[in-house]
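Novice: These protein sequence lines map, in sequence, to chains A and B. So that you can map any letter, position 196 of the first sequence is 376 in the numbering used here, and since no number is skipped, the others follow by simple counting. So that you can map any letter, position 330 of the second sequence is 401 in the numbering used here, and since no number is skipped, the others follow by simple counting.
Possibly wrong hints are sitting among the right ones.
Computed list of chain A residues with no C-beta within reach of chain B, every gap over 12 Å [stated by the list, open to error]:
1) 187
2) 207
3) 214
4) 219
5) 222
6) 230
7) 231
8) 293
9) 434
Distance condition first, Cα-Cα at most 20 Å in a straight line; then the derived EDC-like pairs of lysine to aspartate or glutamate [claimed, not checked]:
10) B:521 <-> B:539
11) B:521 <-> B:420
12) B:269 <-> B:138
13) B:362 <-> B:528
14) A:378 <-> B:458
15) B:269 <-> B:247
16) B:400 <-> B:358
17) A:348 <-> A:280
18) A:507 <-> B:430
19) A:378 <-> B:475
20) B:423 <-> B:475
21) B:423 <-> A:393
22) A:378 <-> B:457
23) B:189 <-> B:207
24) B:242 <-> B:290
Note that these hints are calculated values from the structure, not bench results. Where is the CB? At the ideal position from N, CA and C, for every residue including glycine.
Each chain is listed here by its residues.
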Amino acid sequence: MSTPSRWRALTHHHLFWPTAVLVLLLLVNVPFTPDFFSIKMTGGHLYGSLVSIVLFGSPLILVAVGMTLVIATGGIDLSVGAVVAITGALACSYISDQADQSALSGVLLAMGIGLLAAVVCGLWNGFLVARMGIQPIIATLIIMVAGRGVAQLITDGQIITINSEPYKLIGGGYWLTLPFSIFVVAVVVAITVALTRKTALGLLVESVGGNAEASRLVGIRSRRIKIMVYVFCALCAGIAGLMISSNTSAADGNNAGLWIELDAILAVVIGGTSLLGGRFSIGGTVVGALVIQTLTTTIYTIGVPTQTNLVFKAAVVIVVCLLQSPKFRAKVFGAKFGARFGPKSGSTPGAKDGGKPAAAPSETAATTEAAPQMEVS
Amino acid sequence: MAEPRPVLEMTGIVKEFSGVRALSGVDFRLFPGEIHALMGENGAGKSTLIKVLTGVYSLDGGTITLDGKSVLFGSPLQAQQAGISTVYQEVNLCPNLSVAENIFIGREPTRAGRIQWKRLRREAAELVDRLGLDIDVTAPLSSYPLAVQQLVAIVRSVSTGDNLGGGSGTKVLVLDEPTSSLDRGEVQELFRLMRQLKDEGVAILFVSHFLDQIYEVCDRMTVLRNGTLVGEHMVADLDQVGLVQLMIGKELDQLEELHDQQLRADVGESLLHAEGLGRVGAIDPFDLEIKKGEVVGLAGLLGSGRTELARLLFGADQPDSGKVTIGGKQVSMSAPNDAIGAGVAFCSENRKTEGLVPDLTVRENIILALQAARGWTRPIPASQRDELVAKYIKALDIRPANPEARVGQLSGGNQQKVLLARWLITQPKLLILDEPTRGIDVGAKAEIQKLVVSLSEDGMSVLYIAAELEEVLRLSHTIGVLRDRRLVAQIANGPEITPSRILETIASGEHE
Numbered sequence: 181m182s183t184p185s186r187w188r189a190l191t192h193h194h195l196f197w198p199t200a201v202l203v204l205l206l207l208v209n210v211p212f213t214p215d216f217f218s219i220k221m222t223g224g225h226l227y228g229s230l231v232s233i234v235l236f237g238s239p240l241i242l243v244a245v246g247m248t249l250v251i252a253t254g255g256i257d258l259s260v261g262a263v264v265a266i267t268g269a270l271a272c273s274y275i276s277d278q279a280d281q282s283a284l285s286g287v288l289l290a291m292g293i294g295l296l297a298a299v300v301c302g303l304w305n306g307f308l309v310a311r312m313g314i315q316p317i318i319a320t321l322i323i324m325v326a327g328r329g330v331a332q333l334i335t336d337g338q339i340i341t342i343n344s345e346p347y348k349l350i351g352g353g354y355w356l357t358l359p360f361s362i363f364v365v366a367v368v369v370a371i372t373v374a375l376t377r378k379t380a381l382g383l384l385v386e387s388v389g390g391n392a393e394a395s396r397l398v399g400i401r402s403r404r405i406k407i408m409v410y411v412f413c414a415l416c417a418g419i420a421g422l423m424i425s426s427n428t429s430a431a432d433g434n435n436a437g438l439w440i441e442l443d444a445i446l447a448v449v450i451g452g453t454s455l456l457g458g459r460f461s462i463g464g465t466v467v468g469a470l471v472i473q474t475l476t477t478t479i480y481t482i483g484v485p486t487q488t489n490l491v492f493k494a495a496v497v498i499v500v501c502l503l504q505s506p507k508f509r510a511k512v513f514g515a516k517f518g519a520r521f522g523p524k525s526g527s528t529p530g531a532k533d534g535g536k537p538a539a540a541p542s543e544t545a546a547t548t549e550a551a552p553q554m555e556v557s
Numbered sequence: 072m073a074e075p076r077p078v079l080e081m082t083g084i085v086k087e088f089s090g091v092r093a094l095s096g097v098d099f100r101l102f103p104g105e106i107h108a109l110m111g112e113n114g115a116g117k118s119t120l121i122k123v124l125t126g127v128y129s130l131d132g133g134t135i136t137l138d139g140k141s142v143l144f145g146s147p148l149q150a151q152q153a154g155i156s157t158v159y160q161e162v163n164l165c166p167n168l169s170v171a172e173n174i175f176i177g178r179e180p181t182r183a184g185r186i187q188w189k190r191l192r193r194e195a196a197e198l199v200d201r202l203g204l205d206i207d208v209t210a211p212l213s214s215y216p217l218a219v220q221q222l223v224a225i226v227r228s229v230s231t232g233d234n235l236g237g238g239s240g241t242k243v244l245v246l247d248e249p250t251s252s253l254d255r256g257e258v259q260e261l262f263r264l265m266r267q268l269k270d271e272g273v274a275i276l277f278v279s280h281f282l283d284q285i286y287e288v289c290d291r292m293t294v295l296r297n298g299t300l301v302g303e304h305m306v307a308d309l310d311q312v313g314l315v316q317l318m319i320g321k322e323l324d325q326l327e328e329l330h331d332q333q334l335r336a337d338v339g340e341s342l343l344h345a346e347g348l349g350r351v352g353a354i355d356p357f358d359l360e361i362k363k364g365e366v367v368g369l370a371g372l373l374g375s376g377r378t379e380l381a382r383l384l385f386g387a388d389q390p391d392s393g394k395v396t397i398g399g400k401q402v403s404m405s406a407p408n409d410a411i412g413a414g415v416a417f418c419s420e421n422r423k424t425e426g427l428v429p430d431l432t433v434r435e436n437i438i439l440a441l442q443a444a445r446g447w448t449r450p451i452p453a454s455q456r457d458e459l460v461a462k463y464i465k466a467l468d469i470r471p472a473n474p475e476a477r478v479g480q481l482s483g484g485n486q487q488k489v490l491l492a493r494w495l496i497t498q499p500k501l502l503i504l505d506e507p508t509r510g511i512d513v514g515a516k517a518e519i520q521k522l523v524v525s526l527s528e529d530g531m532s533v534l535y536i537a538a539e540l541e542e543v544l545r546l547s548h549t550i551g552v553l554r555d556r557r558l559v560a561q562i563a564n565g566p567e568i569t570p571s572r573i574l575e576t577i578a579s580g581e582h583e
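The following block holds chain A by itself, in its conformation from the complex (with noise of 0.2 Å):
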């Protein structure tokens, strides 16, 4: 009899539709891809597609969480796609000029100097945002514009290719059978749990990010806290700055991480944070990230012409928010999915209740589960 107490709970979870639309693309695969869920051990590495979506999304990863942060103060970060190229062009072309490419303090070095260069363009948007009071999306809307000019001036316009062991491990090597970003990637989000949830960052965060003039009159130095999530948030772009001309063995200043701030707020959004600022939640951004990594991923296994890949993802990304709206829910499904705080039974007109509550999951999964495919055709 606690069956539907039990599922009320489930659905109300902050995590449950960013994981059940993760759940659902996964699925969508298993028709055109039969062995999509399998792994296999192939030379001391593991592969499989799981592995790959991971794989291919660290770097969306990384900087989506740092997005998270920016967001949760009401901001937003436009240039981290910029700060991907700049870091990647400054590893790459320190570790081509080296007469040993792959010594190991050469590589260090380089990766030293990337992520400064990120940490300074995350100042500089801390500086305009914080100190200067200009509005965040034209802060940072500066680099990323100006950034990939600079990339291209680190880069002489070329593509930089190097041939360097170590640095390669970053974003294209192995580790204890899994690709080695998969451990960078759980590293940042470890740390990021660990420096807002363990401190009080995050709380205050929350409470810049919710009220503003509250945040002021409580005491809080919102001006600290607002440079810190941009540097931080730099910061992680430009570790994936370094996994993605890792991965290739190249930077690429007018391609690296082109468009991923676009696709990081996406998975910041999907992940259930408000881009009004305050509650935020780093484990809702990393489904989010996988995703829409998920979904780049399905596009390719189902045949989607090259040429429309971005309609489609559009189109799914539209039934993903919609799928989140409250609102929307209760008008479809029923109040029992959509009100939060409303009352148990479903009485909204239209909606298919089947009667016993116990029924109702596995239409409403059925409804859902058509709802991607049916944009397919």
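Fit chain B to the given chain A structure using the hints.
Specialist: Showing chain B alone in chain A's frame:
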């Protein structure tokens, strides 16, 4: 002054908002060629009455007669077309357009669908000229100060009742707090224009919180309190003390027995000392001393500068003159952090916008000030945090007693207690409470007042602001009286201090 027939007559006006009566059976009349003040404290129903008159709100009962004809306005536009024009506190014009364009926006003279620009400018110039204003109508509105923009708004509204130029077709002009952001000279210019319009036969309804202005320019006044009509008087027949009594509406004698219970002389040494502290446009420079364990109450009408004074003492607004010493040390007061560091806490009158973070839980809201003071690197240990929060939820009886509840869902009284708890756990030396009892239920009101007394007994100083004079008198050792953005008197509370004395001081601006 009284002419036989009023131009506007409102009878038995009733307006309800979801079952709560904002106006119950209010009568109001307005004669041509008079300036009529609508008086009352905040929430008395002034704005509601104006909005019913101008068609913003629909009527729930009663009748409106304009020029002897019964009218019912469905929208502000209909009211305007019937000859009732309104100018609000904020200028609702387009700063990027010229003065002439602003005056005629939406009803530009046209021929064959094209705007006749020359005619528009000429007629605007004529209109401005006729009203004795020196304004270049071709200049953009934004090139003029706010006061002139206000005048342009009036020119625009008196010209809306009729066709272009010529005599004004506006019968009734409503001015809702037009003077709140003007300086003295600008107010005089506004009054000159008002008098000229009055001489032309326009009936003007004027709302202002500044009593002096009412007495300077108005002929008659209607006083509202709690949505009912208290009385209509000729300005010449009612002095300021009488008016304040009517507005606040307490029989003064009843209060006198209440306040001597709390009178105790045993306050400690000086804690805070402000010298010449002031901010232009907010409050004139003032001196204020607050002793340890002392409750200083601020009395004064809305807009008299109570909140502004408190905000300066907290660094919420930056003072542009004077200095503050707390515990013998000078504090810069350039940001709330400075004041908080010196042991000052501030509960704003605007709980929602300046106090709570509605998305966060009760627990998070309570620990916010303490956590901000500790910095982000030193989180309050979970066990200590939960213990503190539980202690204050219990001590202040916050309901629901669930630290995980989102604070936005609590009732007003409980939200206020959450804010009190937030500051009390920081153990401040001076607690500034701005209208802590506004909009909360009676039980919570009493609890908060008791709390203030016990805090003061424990040696905490309190600066207490309340619109209700009884509260201020009941709790305070010293009462600061404000009027027209000036701290006009500081009165030591004692058996001989009666509410009528305070009211006299508010009304006259002097303390003997």
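Novice: Check each numbered hint from earlier against the structure, then list the numbers of those it violates in ascending order.
Specialist: none
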